[in-house]
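Asker: Taken in order, these protein sequences are the chains called A and B.
Mapping of the first sequence onto numbering that gives the first Met the number 0: position 10 corresponds to residue 9, and the numbering continues sequentially without gaps.
Mapping of the second sequence onto numbering that gives the first Met the number 0: position 30 corresponds to residue 29, and the numbering continues sequentially without gaps.
Where hints are given, some of them may not hold.
What the hints assert, rightly or not - For lysine-lysine, the following DSSO-like pairs were computed, each having C-alpha atoms within a straight-line distance of at most 27 angstroms:
no., chain 1, residue 1, chain 2, residue 2
1, B, Lys70, B, Lys49
2, B, Lys149, A, Lys189
3, B, Lys200, A, Lys40
4, A, Lys131, A, Lys40
5, B, Lys113, A, Lys252
Calculated directly from the structure, the hints in this document are not laboratory data.
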Amino acid sequence: MFRPRVMPCLLLKDKGLVKTVKFKDPNYLGDPINAVWIYNKNEADELIFLDITATKEKRTPPIELIHKISDESFMPVAVGGGIRDIDTISRLLQAGVEKAVINTFAAENPSFIAQASREFGSQSIVAAIDVKTNGKGNYEVFTHAGTKKTGLDPVAHARNMELHGAGEIFINSIDRDGTMQGYDLALIRKVTDAVTVPVIASGGAGSLQDIARAIREGHANAAAAGSLFVYHGKRRAVLINFPNRRELSTLFKTS
Amino acid sequence: MLVIIDYGMGNLRSILNKLQRLGANARISSNIADLEEADRLILPGVGHFKAGMDNIRARNLLDPLNKKVLKEGTPILGICLGMQLFSRHSEEGNATGLGWLDAETVKFPLGDLKIPHMGWNSLENRSPCVLFSDLPTDAEFYFVHSYHVKPSPSSNARASTTTYGISFTSAVCQKNIYGTQFHPEKSHQNGMTILKNFLEKT
Chain A
0 MFRPRVMPCL LLKDKGLVKT VKFKDPNYLG DPINAVWIYN KNEADELIFL
50 DITATKEKRT PPIELIHKIS DESFMPVAVG GGIRDIDTIS RLLQAGVEKA
100 VINTFAAENP SFIAQASREF GSQSIVAAID VKTNGKGNYE VFTHAGTKKT
150 GLDPVAHARN MELHGAGEIF INSIDRDGTM QGYDLALIRK VTDAVTVPVI
200 ASGGAGSLQD IARAIREGHA NAAAAGSLFV YHGKRRAVLI NFPNRRELST
250 LFKTS
Chain B
0 MLVIIDYGMG NLRSILNKLQ RLGANARISS NIADLEEADR LILPGVGHFK
50 AGMDNIRARN LLDPLNKKVL KEGTPILGIC LGMQLFSRHS EEGNATGLGW
100 LDAETVKFPL GDLKIPHMGW NSLENRSPCV LFSDLPTDAE FYFVHSYHVK
150 PSPSSNARAS TTTYGISFTS AVCQKNIYGT QFHPEKSHQN GMTILKNFLE
200 KT
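Next comes chain A alone, as it looks inside the complex:
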């Protein structure tokens, strides 16, 4: 039976695993390879690694580490952070990852998405969109790890990404990031209903029920979560975890 994908979204900083709250205060969690081993054991559906300082530091994700991550992963891997040219995508895919995640440069230069999807196929190109509620109370796309306003409306931007050939849209709420208060369902639904390519919901998952809601009420095709899969308990002790197949099947059957 086909079921929605559930995937840990893992943040890299200085080649270590971190987790943020509202894109701030990165908390060091440990070694990314160790996390991969645990997600292998728990059979996660897919992994997303985002290097959160790559754009600011004007560099690509660390290829050697990505190589290692890919070699160790028994599931599909998507990688993003600072991607601004075809050569970087080529090196990431050669390192063994399935998908390149493009955020800042896709907003600056949408035709890059067209070029990349022509070169590598749409299924390899994920357009990531970080959204914050702006001063006027409207959703707005932010780039550069949430530090730069773009003036773009997330729905229009998502449509544009699809038009240019993105194979998937990763929609992330900066306001909900790390809060574990649930996804921004209104945002996710708006974007999902506006495009035909698969949408990955992100930002705010605090429970498996939140994931079910992102699929059922947000109409997302897949759900990503950070805190939920790296922390345990109210005090947020670091514990890499993932629900088992039975829990996931039950979640989507009952929802």
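Position chain B against the provided structure of chain A, taking the given hints into account.
Answerer: Just chain B, lined up with the frame of chain A:
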């Protein structure tokens, strides 16, 4: 030696890595001498059907492949696009395939479901094909594709079906020719079982 055929269609490293973990003597190559020496072949591939066939021809691999697979009976595993290339023809690029299977590669019908079919899905109507040895009945595999192989009514190649809007052929077994529409190299331990079966039981 097992040869993963390098014809410029997608990343082959994951497959090599997983085979090496299983202890296989495997290499990635488009060299005809390597191909001739191989006792097993894998035809992987992600991308466009016509581009895949064009690349096979451009590397002069068509005749050596036909000889290995059809004359010498060397076991071959096609993965994703690799399996589709075994068919006679594809709607993708309206192109002629290797023609080893009496089958057509067709696009998923447009409906309510998103195309590509991307994600984890199970196998139904599994045949006794050796690829499935020791595999739990509810095993799930990772798929990503917009086209699928449709064997002709008289063909016995279908080894399993999978449901995504429609029921389609998700694996084939025909003599020494094996194929999976899903990616065993990205499908956790069940995927490793499929690769192990190909290495040890074919």
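Asker: Please go over all the hints and tell whether each is borne out by the structure.
Answerer: Hints versus structure:
{"no.": "1", "hint": "B:Lys70 - B:Lys49", "verdict": "holds (25 angstroms)"}
{"no.": "2", "hint": "B:Lys149 - A:Lys189", "verdict": "violated (36 angstroms)"}
{"no.": "3", "hint": "B:Lys200 - A:Lys40", "verdict": "holds (26 angstroms)"}
{"no.": "4", "hint": "A:Lys131 - A:Lys40", "verdict": "violated (35 angstroms)"}
{"no.": "5", "hint": "B:Lys113 - A:Lys252", "verdict": "holds (19 angstroms)"}
Of the hints listed earlier, those the structure fails to meet are numbers 2 and 4, in rising order.
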